[in-house]
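Enquirer: Could you slot chain B onto chain A? The hints should help.
Residues per chain, in single letters:
Protein chains: 2
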Amino acid sequence: MSELLLMFAARAVHLEELVKPALAQGVWVVCDRFTDASYAYQGGGRGIPQSVIGQLEQMVQGEFRPDLTLLLDADWQATQPRRAQRGIEDRFERESADFFTRVRSVYLARARAEPLRMFIVDAVQPLPEVRSMIIAALDQHFKRLEKDVTR
Amino acid sequence: MSELLLMFAARAVHLEELVKPALAQGVWVVCDRFTDASYAYQGGGRGIPQSVIGQLEQMVQGEFRPDLTLLLDADWQATQPRRAQRGIEDRFERESADFFTRVRSVYLARARAEPLRMFIVDAVQPLPEVRSMIIAALDQHFKRLEKDVTR
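Chains A and B are the protein sequences, given in the same order. Using the working numbering, read the first sequence as starting at 1 and increasing by one per residue. Using the working numbering, read the second sequence as starting at 152 and increasing by one per residue.
This is chain A alone, in the form it adopts within the complex (with noise of 0.2 Å):
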């Protein structure tokens, strides 16, 4: 729960003094992780109540969320290799396969329910077709927003 709320904390301060006054000045903002991991690693890893963590969100963002969100997914095995060239890991990266299971089912279940907001990228595959599969996100992406203000 601590877990939970600290990181709560970071992001009021976050939205307030860092992503609204950028997005305020017509800035695009670009965030490594956001709500979303929060019902990952929290409720799908830690096991707390969906509803409590969105009561944390609606406390702390009121109605702000992501326009568009990318998620990355691997399953656990797929990337060791990966995590074991990276050397030192943090308080999450020592968890358990099944604690990371649990978090990715999370994060998929979200993307399945909120397929325009949330895009899934196959980040098992190398660094040059995951690029690519960002870049027709955002190609996706921003046709849609043009046809919204055509229309």
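Zero decoy hints are in this set.
So the derived label-pair ranges between C-beta atoms look like this:
{"no.": "1", "chain 1": "A", "residue 1": "Trp76", "chain 2": "B", "residue 2": "Lys171", "range": "32 to 42 Å"}
{"no.": "2", "chain 1": "A", "residue 1": "Arg33", "chain 2": "B", "residue 2": "Lys171", "range": "28 to 38 Å"}
{"no.": "3", "chain 1": "B", "residue 1": "Val180", "chain 2": "A", "residue 2": "Gly47", "range": "22 to 32 Å"}
According to the in silico footprint, chain B covers these stretches of chain A (three or more CB under 8 Å from chain B):
{"no.": "4", "stretch": "5-14"}
{"no.": "5", "stretch": "50-62"}
If you want a taste of the chain B side facing chain A, the calculated C-beta under 10 Å gives, among others:
{"no.": "6", "residue": "Met152"}
{"no.": "7", "residue": "Ser153"}
{"no.": "8", "residue": "Glu154"}
{"no.": "9", "residue": "Leu155"}
{"no.": "10", "residue": "Leu157"}
{"no.": "11", "residue": "Met158"}
{"no.": "12", "residue": "Ala160"}
{"no.": "13", "residue": "Arg162"}
{"no.": "14", "residue": "Ala163"}
{"no.": "15", "residue": "Val164"}
{"no.": "16", "residue": "Ile199"}
{"no.": "17", "residue": "Val203"}
{"no.": "18", "residue": "Gln206"}
{"no.": "19", "residue": "Leu207"}
{"no.": "20", "residue": "Val211"}
Hints in this document: simulated from the structure, not taken from any laboratory. Don't be surprised by glycine CBs; every beta carbon is placed ideally from N, CA and C.
Expert: Showing chain B alone in chain A's frame:
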């Protein structure tokens, strides 16, 4: 909001790792500030809705509450000489008299709403008198407990 979340993040660890294990061993726990302070400072002082603080209290504490709370009450003006003596001010002590008036009014409202749990001690009095009042409050509390046990 971040300040409030950090307070409850600290409280969650404090409760699970220190307070609850001590109580489970039959140790009496005396705590300098608890959730009333969140209602007073982040609620009264900073203007966060009491309902939001109540949601966090429920998340972190469930039905866990202190048995007895001693409110050492003094108005801001009366304690100015003491603060002047103390030197370095923390994040809260730098706030305005107005801030502390709002903090105090929430504390007093809570004491009035829960007279069996919260006991108001007039902390403007000199230390020996404050000490006597605290002892009287404890006596009264334990007599009430005895009555509950023997009844």
